[in-house]
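Novice: With the hints as extra help, turn the sequences into a complete structure.
For the record, the sequence lines run as chains A and B.
My numbering applies: residue 1 is where the first sequence begins, and numbers increase by one.
My numbering applies: residue 1 is where the second sequence begins, and numbers increase by one.
Don't read these hints as lab results, they were simulated from the structure.
Incorrect hints may have been included.
Derived DSSO-like pairs (lysine-lysine); straight-line CA-CA distance at most 30 angstroms [unchecked claim]: (1) K71(B) - K99(B); (2) K71(A) - K71(B); (3) K71(A) - K99(A); (4) K71(B) - K99(A).
Since the model is a prediction, treat every value here as computed from it, not as a measurement.
2 protein chains.
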Amino acid sequence: MFERINHVGIAVDELDAALASYERQFGVELLHREVLEGGTIDAALVRVGEVRLELVASREPDSPLGRFLSKRGPGMHHIAYEVDDIEQAMAKLRARAVKLIDESPRPGIHGTRIAFLHPSSCLGVLTELVEPAS
Amino acid sequence: MFERINHVGIAVDELDAALASYERQFGVELLHREVLEGGTIDAALVRVGEVRLELVASREPDSPLGRFLSKRGPGMHHIAYEVDDIEQAMAKLRARAVKLIDESPRPGIHGTRIAFLHPSSCLGVLTELVEPAS
Chain A
1 MFERINHVGI AVDELDAALA SYERQFGVEL LHREVLEGGT IDAALVRVGE VRLELVASRE
61 PDSPLGRFLS KRGPGMHHIA YEVDDIEQAM AKLRARAVKL IDESPRPGIH GTRIAFLHPS
121 SCLGVLTELV EPAS
Chain B
1 MFERINHVGI AVDELDAALA SYERQFGVEL LHREVLEGGT IDAALVRVGE VRLELVASRE
61 PDSPLGRFLS KRGPGMHHIA YEVDDIEQAM AKLRARAVKL IDESPRPGIH GTRIAFLHPS
121 SCLGVLTELV EPAS
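Specialist: Structure (structure tokens):
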């Protein structure tokens, strides 16, 4: 049911330093920056060929991302699969007994609609569905 | 310097169960299975569009992957970027002060040549270079 990976999410301590490091070392290209989740996440999309990396830094220690960073430190955070119709994908996954974190889609970076699946249903991987902006 | 992501690595407890789960839930397609690293890793490539996931299970608790799984449990493990010439890419990264785990390329899955970069140089992400089989 997934045709492509939209992005891979990486949790970072501080966004500017992380971007500078990835640009200098690997030559990745910045596509977009945005503050997300009611001001609690500082996010940037960078491009590596057809796949994007979403670098996310926490602006609020007592948030899911803040707690992830406190516990595990910076590193790989989530995989986001692209879907055409997020409600339909969520319904299919529910029918396959996949546990969803979000009961309905919510706004993601760059005008997308997103929903997270629970890592316990996805081999320990925090998994996101992304419906691109139309 | 990276044109594409070759695969995203996911550490799993047991390969058959993990494959069955991802096939049933997400409809991913199995491409290839192989035992790697001198018999210590049970690996499978599955396809999601143009990107592959490499599911890796440890057959040896006292190996880097075995210790990762004991400490952190199953979940996201590494990102692999594709390069045309792995020696050239390693030389460029050394010149940019990126710390390498492997001083020279070694065999990866499906006839590839690979080398790992140190997470401390890559925002906490275990990062792999992959030169596809020619």
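Novice: Which earlier hints can't be squared with this structure?
Specialist: none
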